[in-house]
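Trainee: Chains P and W, in that order, give the protein sequences.
Each number in this note's numbering corresponds to the 1-based position in the first sequence with 88 added.
Each number in this note's numbering corresponds to the 1-based position in the second sequence with 5 added.
If you are wondering where the hints come from, they were derived from the structure by calculation, not from laboratory data.
Possibly wrong hints are sitting among the right ones.
Some, not all, of what chain P presents toward chain W, calculated at C-beta under 7 Å [claimed, not checked]:
1. Gln253
2. Met257
3. Glu260
4. Thr264
Lysine to aspartate or glutamate pairs mimicking DMTMM-like chemistry, simulated, CA-CA at most 25 Å apart [stated by the list, open to error]:
5. W/Lys40 <-> P/Asp259
6. W/Lys40 <-> P/Glu260
7. W/Lys43 <-> P/Glu192
8. W/Lys43 <-> W/Asp27
9. W/Lys43 <-> P/Asp232
10. W/Lys43 <-> P/Asp189
Take a look, some chain W residues computed to stay more than 12 Å from chain P by CB distance [said to hold, decoys possible]:
11. Met6
12. Asp12
13. Arg13
14. Leu14
15. Arg18
16. Thr23
17. Glu24
18. Ala34
19. Leu39
20. Ala44
21. Arg48
22. Thr51
23. Glu58
24. Asp65
25. Thr70
Heads up, the beta-carbon is just placed ideally off N, CA and C, and yes, glycines get one too.
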Amino acid sequence: MEGYRMKLVGKYSAASALRWLLGFFNVFVMIGAVAAGVLLVASMIIGVDWMDALRDGATDPDGNYELTGRLTLLGAFLACGFTWWIINRLRRILLSVNQGDAFEFANVKRLQAVGFGLLGIQLTALMLSIVAPQAIGQSASDYDFDLGSWLGILVVFILAEVFRQGSAMRDEQLTTV
Amino acid sequence: MIMIQLDRLLLERRMSLTELSDRVGVTLANLSILKTGKARAVRFSTLDALCRELDCQPGDLIVQTPGPQPEES
Numbered sequence: 089m090e091g092y093r094m095k096l097v098g099k100y101s102a103a104s105a106l107r108w109l110l111g112f113f114n115v116f117v118m119i120g121a122v123a124a125g126v127l128l129v130a131s132m133i134i135g136v137d138w139m140d141a142l143r144d145g146a147t148d149p150d151g152n153y154e155l156t157g158r159l160t161l162l163g164a165f166l167a168c169g170f171t172w173w174i175i176n177r178l179r180r181i182l183l184s185v186n187q188g189d190a191f192e193f194a195n196v197k198r199l200q201a202v203g204f205g206l207l208g209i210q211l212t213a214l215m216l217s218i219v220a221p222q223a224i225g226q227s228a229s230d231y232d233f234d235l236g237s238w239l240g241i242l243v244v245f246i247l248a249e250v251f252r253q254g255s256a257m258r259d260e261q262l263t264t265v
Numbered sequence: 006m007i008m009i010q011l012d013r014l015l016l017e018r019r020m021s022l023t024e025l026s027d028r029v030g031v032t033l034a035n036l037s038i039l040k041t042g043k044a045r046a047v048r049f050s051t052l053d054a055l056c057r058e059l060d061c062q063p064g065d066l067i068v069q070t071p072g073p074q075p076e077e078s
């Protein structure tokens, strides 16, 4: 019996479906980024008193709630922004895969951009692990070092170099008559 | 740099590039790449077909001229 095989390129291919899914997900990420951005700007104008409710009544006179509150909102904005940045690049890579031209040189730069985006998310997570608990009157939590995430970033950068070679081979193939 | 002397051979055989393309089974675009010296490599099968249709030897087609090879894109 012949098994079901998904199309490699074009409409209804795996790349096409994944691209659509990421596009759908990106709408919510963008909403999150806009919301975090608006709250950040609002905190600059009207302060962060509205975050008092999150503090559960605990108010440390030495606590710098203004700064930690704004940094938390900045972290939320950056996390959403980096996610949006990564998804956009992944969608463009999937578009080139869908067109049957995965090894175009632009994908090397896109993969590197994804790597830097992931790096940004990890650094944002590090900052949030310090400021977010302080913003709600708790002590800073330990940064949860996730080896898998850092290895994932390394893999993306290595893949970018693999794609660089693939791109050179593709160029050579295109100019071979 | 290495050049493919298609122009001269086509002129001598009174053959157009389109006609050669049809006979050899290589697209006009690829023959144009070959003619303008933008090709980075030539397959033996292409070379064989060109020599067969132009009734020549590979040495008649390929010449080396002074100057650097065009930059890789």
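Trainee: All the hints need checking, so say for each whether the structure fits it.
Mentor: Going down the list of hints, with the structure as the test:
{"no.": "1", "hint": "Gln253", "result": "14 Å, violated"}
{"no.": "2", "hint": "Met257", "result": "11 Å, violated"}
{"no.": "3", "hint": "Glu260", "result": "6 Å, holds"}
{"no.": "4", "hint": "Thr264", "result": "4 Å, holds"}
{"no.": "5", "hint": "W/Lys40 <-> P/Asp259", "result": "18 Å, holds"}
{"no.": "6", "hint": "W/Lys40 <-> P/Glu260", "result": "17 Å, holds"}
{"no.": "7", "hint": "W/Lys43 <-> P/Glu192", "result": "19 Å, holds"}
{"no.": "8", "hint": "W/Lys43 <-> W/Asp27", "result": "21 Å, holds"}
{"no.": "9", "hint": "W/Lys43 <-> P/Asp232", "result": "54 Å, violated"}
{"no.": "10", "hint": "W/Lys43 <-> P/Asp189", "result": "21 Å, holds"}
{"no.": "11", "hint": "Met6", "result": "14 Å, holds"}
{"no.": "12", "hint": "Asp12", "result": "16 Å, holds"}
{"no.": "13", "hint": "Arg13", "result": "18 Å, holds"}
{"no.": "14", "hint": "Leu14", "result": "15 Å, holds"}
{"no.": "15", "hint": "Arg18", "result": "19 Å, holds"}
{"no.": "16", "hint": "Thr23", "result": "16 Å, holds"}
{"no.": "17", "hint": "Glu24", "result": "17 Å, holds"}
{"no.": "18", "hint": "Ala34", "result": "9 Å, violated"}
{"no.": "19", "hint": "Leu39", "result": "5 Å, violated"}
{"no.": "20", "hint": "Ala44", "result": "5 Å, violated"}
{"no.": "21", "hint": "Arg48", "result": "6 Å, violated"}
{"no.": "22", "hint": "Thr51", "result": "5 Å, violated"}
{"no.": "23", "hint": "Glu58", "result": "14 Å, holds"}
{"no.": "24", "hint": "Asp65", "result": "17 Å, holds"}
{"no.": "25", "hint": "Thr70", "result": "19 Å, holds"}
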